Amino acid sequence: MKRVILAFLFAALFWVASPVQAETTVGPDKTWTITFNTAIDLQSADEAITVTNESGDEIDVDVWHQDSQKKHIKVKPSGGAEYPSGTYTLTVSKQVKSVAGVQAETEATKTFTVAANDWGEWTSVKALDIQDTNGQTATIHLLANQVLPQESQSTSWSANKVDADFKFGIETNGEKKVSDVLVTDKAKAAFYQNAVVDVDWQFRKIEDRIFVVTQMEDDRYTFDYYYGVKNGNIERIQLDSVYNGTEDKVYNDQSNLKHESGNTFVRNYYSSFADDQLKAAFVFNHESMKLVEQTYLTQAQMEQKSDYLQDKVRNIIYGDLKANGEDNRSYERVETKIDEYVTNEFGEAVKVVYEEACVDCNQVMQFNNDWRWDIHSFVMEDYKDRVIIETTALDTPETYGSIDWIVLKKEGDHWKLDEIFYAHFQKDIHLELSVDLARQVLLSSDFAVSDNYRHVTSYNEEVKDYYDQSYTTTFHRFKDSNNGHIVEVDASTGAIHNVE
1 MKRVILAFLF AALFWVASPV QAETTVGPDK TWTITFNTAI DLQSADEAIT
51 VTNESGDEID VDVWHQDSQK KHIKVKPSGG AEYPSGTYTL TVSKQVKSVA
101 GVQAETEATK TFTVAANDWG EWTSVKALDI QDTNGQTATI HLLANQVLPQ
151 ESQSTSWSAN KVDADFKFGI ETNGEKKVSD VLVTDKAKAA FYQNAVVDVD
201 WQFRKIEDRI FVVTQMEDDR YTFDYYYGVK NGNIERIQLD SVYNGTEDKV
251 YNDQSNLKHE SGNTFVRNYY SSFADDQLKA AFVFNHESMK LVEQTYLTQA
301 QMEQKSDYLQ DKVRNIIYGD LKANGEDNRS YERVETKIDE YVTNEFGEAV
351 KVVYEEACVD CNQVMQFNND WRWDIHSFVM EDYKDRVIIE TTALDTPETY
401 GSIDWIVLKK EGDHWKLDEI FYAHFQKDIH LELSVDLARQ VLLSSDFAVS
451 DNYRHVTSYN EEVKDYYDQS YTTTFHRFKD SNNGHIVEVD ASTGAIHNVE
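Taken in order, the sequence shown gives residues 1 to 500; the numbers are from UniProt numbering.
It is possible that part of the hints are untrue.
What the hints assert, rightly or not - Below are the EDC-like pairs computed for lysine to aspartate or glutamate, each with C-alpha atoms no more than 20 Å apart in a straight line: (1) Lys161 to Glu235; (2) Lys188 to Glu235; (3) Lys305 to Glu419; (4) Lys30 to Glu121; (5) Lys410 to Asp320; (6) Lys177 to Glu419.
Said to hold, decoys possible - Ranges between beta-carbon positions, derived for each pair: (7) His259 to Glu462: 47 to 55 Å; (8) Val196 to Asn173: 34 to 42 Å; (9) Ala274 to Ile486: 15 to 23 Å; (10) Thr24 to Gly120: 19 to 27 Å; (11) Lys186 to Gln301: 37 to 45 Å; (12) His414 to Val196: 39 to 47 Å; (13) Lys337 to Thr133: 15 to 23 Å.
Simulated from the structure, these hints should not be mistaken for laboratory data. Remember, predicted model here, so these are calculated numbers, not experimental data. C-beta atoms are modelled at their ideal positions from N, C-alpha and C, and glycine is treated no differently.
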């Protein structure tokens, strides 16, 4: 229902308001219309129009032009929320201006009463239309037992926290009920009203079947809870991840699960190691209320392809140099062959390696990483035409160990090397080998003289990393039960040392 509550008349330099009307009782979702006899500047109207409750607290409202004439200004609670029951005052201050810049000389007010709503002690602060599995549309309300404060201008994510309890309400076929499903798994959900985090963002829908509640962990990372509607009831949606198992909430970078198409959703998250936005695709099953991760390569396939492509590139480079001599090197001679196994972008890096490679000078051979998938292997990204897998190359007497990341990209029907980058073991980037894995490292090395090594003890000791930074690591000590040979394995690097 529309109702004109105030009529303003602009003269050359002033305007006159109609007398304040008698108190009016309206519904909780009331939209007011203010009519002027001239076009109004919307920004000035947004600043000049306020709604306050009996305590003087300002209610967050949306203000907009009704039509292109700009003479009618609409006012309603922000984000589909409702007014709690009580008495309110709508004020239009003297700051309102016409589009010509003429400012008002007086202010006008309107007092109105909102009847009690159907949520009892709760008030709807935002509503979303969500598709039920039965084909109907349910309206999901975020309910609060307090009025939301006006948004502050603070850019601190934790500013202006809402001092209220929250619940879900569900409205179908005109019937309303408060849901027993928890808004989060915490005792009390946390919502904020500031310039960077507000209820409108923390409670939103991703697609017609899925809505999300975002809880801030800090100024960047969030816990996100996903929900849908099944046969008239709100249910939590689970994410089935290939590598992370089943999750009923997601810890990520500012809530980046987005609808791609059909039943496919894509989760975006930033990796500081890759310095890139990584992706994972999920398929939504409405009946089971699950988002199931899609895979494009298995972990074993990623490992096999990484080794295969690296071996091919290495053999082409050093095979050519051995056959033609280092003084007769020509990248054009091998470029076509190498292009079968690397992307154009990575081809530039391979060219540099070829031009600098040395066959007969005891130089460590490039593209000869001894990746230990059995010790450490973790899939960082598995999405359509790109995968990233993390592994390790252990410390040896000849080389420093590292954590390595291999990026494979699909071009046409073929997977190619797109990048290999690494970080030497250091204070904040290293392994934490268990006793069993340390023994596995030992038995696969040249230090082992038999298969009869048993664990004797483990102890902690401060060491220095590749960059001369100190940190504490664990050493696992093993003894050959036949000849008494004792060795130690550094749990952080896989380095092996003879003791006796």
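Give me the numbers of the hints this structure contradicts, sorted from smallest to largest.
-> 1, 5, 6, 9 and 13
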